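Colleague: Sequence:
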Amino acid sequence: MGWWLKGRVWMTMTIISFVQAKDLVFDWRVTYGKLSPVGPPQTVILINGQIPGPEIHSVTNDNLIINVHNDTDEPFLLSWNGVQLRKNSYQDGVYGTSCPIPPGKNYTYALQVKDQIGSFFYFPSLAVHKASGGFGAIRILSRPRIPVPFPEPAGDFTFLIGDWYFDHDHKSLKAILDKGRMVPLPDTVLINGNGVTFNTSFTVYKGKTYRFRISNVGLQHSLNFEILGHTLKLVEVEGTHTVQSMLTSLDIHVGQSYSVLVTMDQTPRNYSIVVSTRFSNKQLFVGSTLHYYNSKGSDFVPRKQPANELDFSIKQARSIRTNLTASGPRPNPQGSYHYGRIKISRTLILENSGTLVNNKQRYAINGVSFVPADTPLKLADYFKIKGVFKVGSIPDKPRIGGIRLDTAVMGAQHKEFIEIVFQNRDNIVQSYHLDGYNFWVVGLNKGTWSHASRQEYNLKDAVSRSTTQVYPQSWTAVYVALDNVGMWNLRSELWARQYLGQQFYLRVYSPIQSLRDEYPLPKNALLCGRASNKKKLNTTH
Numbered sequence: 001m002g003w004w005l006k007g008r009v010w011m012t013m014t015i016i017s018f019v020q021a022k023d024l025v026f027d028w029r030v031t032y033g034k035l036s037p038v039g040p041p042q043t044v045i046l047i048n049g050q051i052p053g054p055e056i057h058s059v060t061n062d063n064l065i066i067n068v069h070n071d072t073d074e075p076f077l078l079s080w081n082g083v084q085l086r087k088n089s090y091q092d093g094v095y096g097t098s099c100p101i102p103p104g105k106n107y108t109y110a111l112q113v114k115d116q117i118g119s120f121f122y123f124p125s126l127a128v129h130k131a132s133g134g135f136g137a138i139r140i141l142s143r144p145r146i147p148v149p150f151p152e153p154a155g156d157f158t159f160l161i162g163d164w165y166f167d168h169d170h171k172s173l174k175a176i177l178d179k180g181r182m183v184p185l186p187d188t189v190l191i192n193g194n195g196v197t198f199n200t201s202f203t204v205y206k207g208k209t210y211r212f213r214i215s216n217v218g219l220q221h222s223l224n225f226e227i228l229g230h231t232l233k234l235v236e237v238e239g240t241h242t243v244q245s246m247l248t249s250l251d252i253h254v255g256q257s258y259s260v261l262v263t264m265d266q267t268p269r270n271y272s273i274v275v276s277t278r279f280s281n282k283q284l285f286v287g288s289t290l291h292y293y294n295s296k297g298s299d300f301v302p303r304k305q306p307a308n309e310l311d312f313s314i315k316q317a318r319s320i321r322t323n324l325t326a327s328g329p330r331p332n333p334q335g336s337y338h339y340g341r342i343k344i345s346r347t348l349i350l351e352n353s354g355t356l357v358n359n360k361q362r363y364a365i366n367g368v369s370f371v372p373a374d375t376p377l378k379l380a381d382y383f384k385i386k387g388v389f390k391v392g393s394i395p396d397k398p399r400i401g402g403i404r405l406d407t408a409v410m411g412a413q414h415k416e417f418i419e420i421v422f423q424n425r426d427n428i429v430q431s432y433h434l435d436g437y438n439f440w441v442v443g444l445n446k447g448t449w450s451h452a453s454r455q456e457y458n459l460k461d462a463v464s465r466s467t468t469q470v471y472p473q474s475w476t477a478v479y480v481a482l483d484n485v486g487m488w489n490l491r492s493e494l495w496a497r498q499y500l501g502q503q504f505y506l507r508v509y510s511p512i513q514s515l516r517d518e519y520p521l522p523k524n525a526l527l528c529g530r531a532s533n534k535k536k537l538n539t540t541h
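Residue numbers (full-length UniProt numbering): 1 to 541.
Simulated from the structure, these hints should not be mistaken for lab results. Source: prediction; values computed, not measured. Cβ coordinates follow ideal geometry from the N, Cα and C atoms, glycine included. Mixed in with the good hints there might be a few duds.
Claimed, not checked - Pairs of lysine-lysine residues, derived as DSSO-like cross-links and limited to a Cα-Cα distance of at most 30 Å, are as follows:
no. : residue 1 : residue 2
1   : Lys535    : Lys390
2   : Lys22     : Lys523
3   : Lys282    : Lys315
4   : Lys282    : Lys34
5   : Lys415    : Lys233
6   : Lys384    : Lys523
7   : Lys397    : Lys460
8   : Lys397    : Lys384
9   : Lys315    : Lys446
10  : Lys105    : Lys534
11  : Lys171    : Lys360
12  : Lys34     : Lys179
13  : Lys105    : Lys174
14  : Lys174    : Lys390
15  : Lys397    : Lys415
16  : Lys171    : Lys282
17  : Lys174    : Lys34
18  : Lys397    : Lys386
19  : Lys233    : Lys282
20  : Lys384    : Lys208
21  : Lys523    : Lys105
22  : Lys523    : Lys415
23  : Lys534    : Lys523
24  : Lys105    : Lys22
25  : Lys174    : Lys343
26  : Lys233    : Lys343
27  : Lys233    : Lys315
28  : Lys384    : Lys534
29  : Lys390    : Lys360
30  : Lys386    : Lys360
31  : Lys282    : Lys208
32  : Lys390    : Lys282
Claimed, not checked - Estimated spans, in silico, between C-beta atoms of each pair:
no. : residue 1 : residue 2 : range
33  : Asp71     : Leu515    : 34 to 44 Å
34  : Leu324    : Gly104    : 45 to 55 Å
35  : Asn199    : Glu55     : 17 to 27 Å
36  : Ser319    : Ile176    : 32 to 42 Å
37  : Arg29     : Lys206    : 38 to 48 Å
38  : Leu405    : Asp187    : 25 to 35 Å
39  : Thr43     : Val371    : 20 to 30 Å
40  : Lys343    : Lys282    : 37 to 47 Å
Modelling step: build the complete structure from the supplied sequences, incorporating the hints.
Modeller: In structure tokens form, the structure reads like this:
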């Protein structure tokens with residue numbers, strides 16, 4: 001076991017005995033501040049005085065001890081997008097699992113990036129805080145003896161890209177949503193907190209190869225990333241080494257993360273790095289500069305986007321596959337787990353919808369629009385508090401009729417192997433994320449899914465990731481091995497829709513209460529709602 005003392009709180013984390021894991025300790029202060037991401041000063045959410053927040057650099061199996069001080073005037077939580085938190089949903093940082101950090105208080109997260117590599121990010125998960133900042137990057141590097149399927153790059157750049165408002169902050173957006181109205185489309189796009197075109201630059205050297213880690217931390221828009229005159233070699237998607245395909249540009253949907261390698265093989269000068277919206281009538285873009293060392297001259301004109309962006313994007317998505325010959329976080333190859341040969345125990349068909357309920361806009365999955373309970377669901381489950389939620393309050397298949405409001409929780413058994421079909425009836429790109437898991441994206445296509453659609457599935461080398469897009473009037477199918485006990489949030493990454501109910505919790509249950517399957521409630525866990533006066537039993541020592 002690993003032990004830490006922070007203030008007066010003892011925390012523990014189980015560590016694999018045969019692996020040396022480092023303890024990385026961070027102290028973060030969340031504040032409001034005035035910055036100018038686009039033009040006039042705005043109120044933004046800062047972590048240690050900056051946006052994006054501090055970048056976490058870690059190695060597989062490291063222990064992250066992150067003490068978060070909330071100096072804002074609202075309850076606050078951080079969540080870890082794509083970090084699987086094995087057996088530890090108490091640290092997930094969403095309201096279904098964690099009590100918010102009250103204003104003026106702090107909470108220390110204790111995470112282990114167990115058996116993971118890759119590019120991820122953290123973000124504020126309550127209300128619409130995400131619209132004002134509070135996000136940052138997470139890198140998990142391979143252990144020294146685990147081979148990586150490409151030479152070490154000359155440099156490693158992080159791009160946190162996302163749409164942004166300059167006429168609204170998180171409080172005004174929340175007020176609009178609370179009145180039952182939809183928020184307007186975002187106003188611009190940022191790169192690493194900056195929306196002034198070509199106000200930032202990245203210096204490179206002729207002949208060198210660099211890694212670019214790109215995450216869409218925005219609210220609604222799918223974004224396209226390109227570097228004029230250069231080819232992107234895709235090498236990693238949310239912790240999975242991919243077949244190294246060559247791309248002219250890359251579509252990155254909300255909540256997704258990618259890594260590409262770019263070789264500086266052009267005439268030394270300045271080249272445009274362009275991030276632009278996709279699948280939107282409101283075209284937005286922001287540019288940065290790729291500067292060849294000691295060069296002059298500029299080439300700032302972005303490429304024209306393909307005429308049929310839907311067909312282009314679908315073709316690109318289908319081309320992204322797992323590299324079966326590459327090692328992951330462990331010595332054995334990633335492809336040794338033959339997901340296509342495992343019998344499916346259950347199929348979920350999840351269909352999004354939206355309409356007015358009591359004269360207010362709501363969004364739903366399978367006809368159920370999520371309403372937060374007065375107590376985090378994980379705590380209610382732990383303390384056996386009745387009346388907070390009901391397992392089975394959302395069906396496995398779309399229901400006939402309108403939308404109803406409920407604290408939607410779907411039950412599932414530990415070690416089930418399930419198929420999830422996301423059916424999108426809307427004319428926008430949806431994006432879905434499942435906390436605590438990666439899943440295999442086995443198929444996607446236009447139209448309505450049917451059993452015959454399984455004939456199209458990739459059952460050999462489908463990419464494994466935690467966030468998938470669903471194109472307009474289309475479907476996406478994924479396979480999930482439910483090997484992580486806990487209460488896990490499945491949500492739309494389109495934040496206004498998530499806030500208005502397009503989410504639910506998947507309760508992965510094991511009747512055997514064992515540290516082998518799930519860590520106990522942390523001793524420093526915040527208690528709130530109906531759990532406020534409960535005594536913590538069998539907590540981590």
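Colleague: Of all the hints numbered above, which does this structure not satisfy? Sort the numbers upward.
Modeller: Hints 5, 20, 25, 26, 31 and 32 contradicted; others consistent.
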